[in-house]
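Please assemble the complex out of the two chains, which come individually in their own frames, going by the hints.
Single-letter residue listing:
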Amino acid sequence: MSFPVTKAASYVLVHAPDMIMHNGTTQTVERRINPDSEYLKKLPAHIRTYEEVINYGPNQCYIGNMNPAELAALPEPWYQNPVKGKRDGRFGEIMPQDEFIAMMKLADAFELVVLDSSFVSGVKAKMGNNPVFSVSDIDKIGSGEALGKISELIDKHGAQALFHNSALVGCVKKAHDVDVNLGAHVMFENLVAKASGALALKQLILKNGTDPLSIDYVIECSEEACGDMNQRGGGNFAKAVAEMAGIDNATGSDLRSFCAAPTHALISAAALVKSGVYENVAIVAGGSSAKLGMNGKDHVKKDLPILEDVIGGFAVLVSKNDGLSPILRTDLVGRHNVGTGSSPQAVITALIAKPLDKARLKVTDIDKYSVEMQNPDVTKPAGAGDVPNGNYKMIAAIGVKRGELERTGIDAFVKEHGMPGWAPTQGHIPSGVPYIGFALDDLCKGKLKRSMIVGKGSLFLGRMTNLFDGVSIILERNPGKEEEPAALDKSELNKLIAEAMKGLAAQLLGEQGLG
Amino acid sequence: MENQNRVKDLTEKYGAENILVILGAAEAEASGLAAETVSAGDPTYAGALAGVALGLPAYHVTEAAFKEAVDPAVYDEQVGMMEMVVDVDAIAEEMQGIRSQFSKY
Numbered sequence: 008m009s010f011p012v013t014k015a016a017s018y019v020l021v022h023a024p025d026m027i028m029h030n031g032t033t034q035t036v037e038r039r040i041n042p043d044s045e046y047l048k049k050l051p052a053h054i055r056t057y058e059e060v061i062n063y064g065p066n067q068c069y070i071g072n073m074n075p076a077e078l079a080a081l082p083e084p085w086y087q088n089p090v091k092g093k094r095d096g097r098f099g100e101i102m103p104q105d106e107f108i109a110m111m112k113l114a115d116a117f118e119l120v121v122l123d124s125s126f127v128s129g130v131k132a133k134m135g136n137n138p139v140f141s142v143s144d145i146d147k148i149g150s151g152e153a154l155g156k157i158s159e160l161i162d163k164h165g166a167q168a169l170f171h172n173s174a175l176v177g178c179v180k181k182a183h184d185v186d187v188n189l190g191a192h193v194m195f196e197n198l199v200a201k202a203s204g205a206l207a208l209k210q211l212i213l214k215n216g217t218d219p220l221s222i223d224y225v226i227e228c229s230e231e232a233c234g235d236m237n238q239r240g241g242g243n244f245a246k247a248v249a250e251m252a253g254i255d256n257a258t259g260s261d262l263r264s265f266c267a268a269p270t271h272a273l274i275s276a277a278a279l280v281k282s283g284v285y286e287n288v289a290i291v292a293g294g295s296s297a298k299l300g301m302n303g304k305d306h307v308k309k310d311l312p313i314l315e316d317v318i319g320g321f322a323v324l325v326s327k328n329d330g331l332s333p334i335l336r337t338d339l340v341g342r343h344n345v346g347t348g349s350s351p352q353a354v355i356t357a358l359i360a361k362p363l364d365k366a367r368l369k370v371t372d373i374d375k376y377s378v379e380m381q382n383p384d385v386t387k388p389a390g391a392g393d394v395p396n397g398n399y400k401m402i403a404a405i406g407v408k409r410g411e412l413e414r415t416g417i418d419a420f421v422k423e424h425g426m427p428g429w430a431p432t433q434g435h436i437p438s439g440v441p442y443i444g445f446a447l448d449d450l451c452k453g454k455l456k457r458s459m460i461v462g463k464g465s466l467f468l469g470r471m472t473n474l475f476d477g478v479s480i481i482l483e484r485n486p487g488k489e490e491e492p493a494a495l496d497k498s499e500l501n502k503l504i505a506e507a508m509k510g511l512a513a514q515l516l517g518e519q520g521l522g
Numbered sequence: 003m004e005n006q007n008r009v010k011d012l013t014e015k016y017g018a019e020n021i022l023v024i025l026g027a028a029e030a031e032a033s034g035l036a037a038e039t040v041s042a043g044d045p046t047y048a049g050a051l052a053g054v055a056l057g058l059p060a061y062h063v064t065e066a067a068f069k070e071a072v073d074p075a076v077y078d079e080q081v082g083m084m085e086m087v088v089d090v091d092a093i094a095e096e097m098q099g100i101r102s103q104f105s106k107y
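Protein sequences appear in the order of chains S and F. The numbers in the first sequence follow the numbering used here, run straight up by one, and end at 522. The numbers in the second sequence follow the numbering used here, run straight up by one, and end at 107.
It should be emphasised that the hints constitute simulated quantities derived from the structure, not laboratory data. It is possible that part of the hints are untrue.
[To be verified] Pairs of lysine to aspartate or glutamate residues, derived as EDC-like cross-links and limited to a Cα-Cα distance of at most 16 Å, are as follows:
#	chain 1	residue 1	chain 2	residue 2
1	S	K49	S	E37
2	S	K408	F	E79
3	S	K304	S	E37
4	S	K147	S	E106
5	S	K408	F	D78
6	S	K48	S	E58
7	S	K387	F	E85
8	S	K93	S	E37
9	S	K456	S	D393
10	S	K93	S	E59
11	S	K387	F	E79
12	S	K369	S	E423
13	S	K408	F	E85
14	S	K246	S	D223
15	S	K156	S	E106
[Unchecked claim] Covered by chain S, per the in silico footprint, the following chain F stretches (three or more residues, Cβ under 8 Å):
#	segment
16	28–39
17	74–83
Fair warning: this is a prediction, and the values are worked out from it, not measured in the lab. For each residue, glycine too, the CB sits at the ideal point set by N, CA and C.
In isolation and in its complexed conformation, chain F is listed as follows (with noise of 0.2 Å):
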């Protein structure tokens, strides 16, 4: 709940444009509740970004996208593990489908 109001604080603050928002849930599922969240509004109408649609791009810390655009070493050292434990193809494709359909930006 406090995390969408710093998302919906910061996009005020610095246009839905400058924003993307990196996630680390380690299921797919809620994953895919988190980044809806932050796109096409809060599902479950409990939070601030409740029909508020801000549609941010949201990407998972195991996603190629993000993995590529970080240091190895950094990244080893911080996901490197959780990469091992979580389904990160399904997470994958769960952010891409969430993203290609509420996504703005």
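Chain S on its own, in the form it takes in the complex (with noise of 0.2 Å):
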């Protein structure tokens, strides 16, 4: 059985500053509720700088340039103990706000993103240092407004301002004059996601080396929605995006489960390419500006800085089996079915213990587990705990009922087989997918033989289902060679064999009327 392969992961920041105070759901709910809370006047001393989020910890392991392990070594609070970053990263980028706001205008194919003439003027230098931007790209910004117009789309016209440094730079306008699923708002978040999950995509294929004519098929697996009053989640994102990365030989379709999406993704890509069907599929997801500073009020109050100040983004490419990059075990797969039930344990049975079940293993033979890697120093003052600590605790508690490891193991457990949550709390961002990239490295050139991926997600958030979500899946060590179909033994081939006669004979049977 020859399983399919993830060949390359891109991991991409952007830092948003302006936009935690602009578009973040928790402040502009607070503006429109409270507009002279102490928290809005509070929040402006508390953003952190380009540097500042440069020189985080997490940040660089999210881009590849620290790796799970020196992040672990680091003391926490890491906001406190500030690291020598760099923008580039082996993974990716971490993208000043200005040169988003670009990213944004190309993306925008309806002439909705308007931008101040010097502003565009400045931004224009900077990209050519940026190879995700061609020439071409920097033509396409084109000259700019007057600030009088941009003022006048927003004051009479219902466009979304554009800050940068403070300052108004341009909009977002509406796409349609009364439907709200195009209104600039909505236009806004979407230009967003669009964005950053081209410019992850674009990274992929810069850092790969990867010909993005060989990409056959990409699925985007954010949590966002495209459409119009009649179609209100119509898509299709991926399209959108692969269009903006050069991705010509290519279609693709948008996948949803909330933050499980990204897992799901990763299966179905998986699957694509083992049928068959594709031998190169793309799995990409942009990022959010109305998470940006969610817990904001926490952060505040404890007088910490916002730290969700970046949008993530991020690619993989599953193709098929190269004999050398880690192969994707679709026979190892775990689900939470609608009948699994809600409680933690019968979550982590169903994701975690049942694929170890079908390969024989015990939850000790799995290296690494991948699990919802949010960054607790983000979630801790916020009240919600170390998040992926947490799972790995409930992965231990789960060895330890199946006799696999003892009840004092528990701490030893998570240390050798957890990791610390790095990723931005971007909903989709930090599920699963985050450790994939270290993957390729541990499971082709360092000493891990396994690791498992596992995505979770909140279905119950959008009203239609109280149940939660969530899917796993192996990913091994590719042992270099096809493998071969295992040999029946002969005893094993002559009990399948009365076993079809019995349910044969129990068939006809049953059509005589007889059982």
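Next comes the structure, spelled out in structure tokens:
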């Protein structure tokens, strides 16, 4: 059985300080219901600079300049212990806000993004230094408009403002007069998702020397919806993002399941490659401006910086077996079914224990579990605890119940098979997939043999069901050669034939009304 | 927020003396906050129970009183794993504190 492989992965961040105040829902809701609040007054003093964001350990880990073990060795809280970071990383980059606003302009196919002419001339000069921008990209930005015209679009025509360094530099116009699904707010968020997704795909291509024309299919797995009043979630972010990244030979589609979507997308991509439908499938997601500063009230109250100041993005290339890259064990998939139940124990059993049982493995046979890799710097002060740590303890506890681990061994298990959380709290961005980049090292050049990617999602947020969701898949070191199908021993073969005959007999009896 | 509505509606329908709230939060602080909400009222003043002191007793699933009342096999299947993960003693202490302070039943 030849399994598909994870060939490459990219991870990008966008520093978006002005979008925290103007586009993060915690702040926009506060401005609507409590415009004079102390929180809003204090917030600007808690915004980090671009340099602080670059020198933040978890961000350097996300783009691949620091590995999880190095981050674990850095004392927490990490915001108090800066590292010497770089903008460019092995897996991607940390893009500053002005260049990202230019990306939003490039993502705009309907002349909705209008930029101030002096902002445009400044940012164009910077774009030339970033290989993700081509000469024609820089041309496409145009020469901009007068600030007066932009103010008019915002004040009289419902456009959403774009700020940089606290100054107005542009706007996103509404795309329809009455349709709220094409309103400026929705268009803004969708262009953020498209632009950050495209940045991830462009970085995947750049950093790995991937031929964009070799990619056959793109699955987009963010948490946004694009469409109009007659088809609110019509899609298709995937094709729009692929177009921006020059992936001309692909089509694509969107896959949604809140935070679980990236792992669903990984399994779907693996299935498409394994079946031979496509050879190279990219999964991609951009991030969310709405989630910026989501836990800002707790951070400001505890005198922390606003740590949710970056938009995330990632892309993973799934290809047919090259004999080298880690294989995706499509036969070892865990899933939370409709009937599974919602207790943590039921969830962990379905996602972790079931695929292990199928492979006759113990919980300790998986070297690293990639779970919800949320950054604890963000979640602990907000009262949500250390999310990955909680997940690892649950996996260890299942191991104890299975008799594979002593109860006293839980902490050691967490240390050995777990990792610290380094991903921004952008829903789908931290879910399962952040480790794939490091897995390419650990399972190829390193000593590890096996890892499990686990994605979970809170479907109840959409109010269509009370259910929760989750899927998982095992990623393994490539054995290096085509695996031969295991030969059946004779007694096993006889047993199978006997069972098939029994089944046939029962069916025949049933048909005759005798069963 | 929606759960506050549910608790309020059920209490109005069946009477506070007939309602007991079972919690399953993973931490003592979050458990205490939920227990306080259904007994003394929502301390964050954000939901339907803001300023409404129902006085309901709340128990956490890992507390002995609840554990002893259910089938051990079912308990082990549903809660056994989390019992190893959460800080059972801290939760029990927090819950007893809230009950002795605010519970009327």
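Broken hints, numbered, in rising order?
-> 6, 7, 8, 9, 11 and 15
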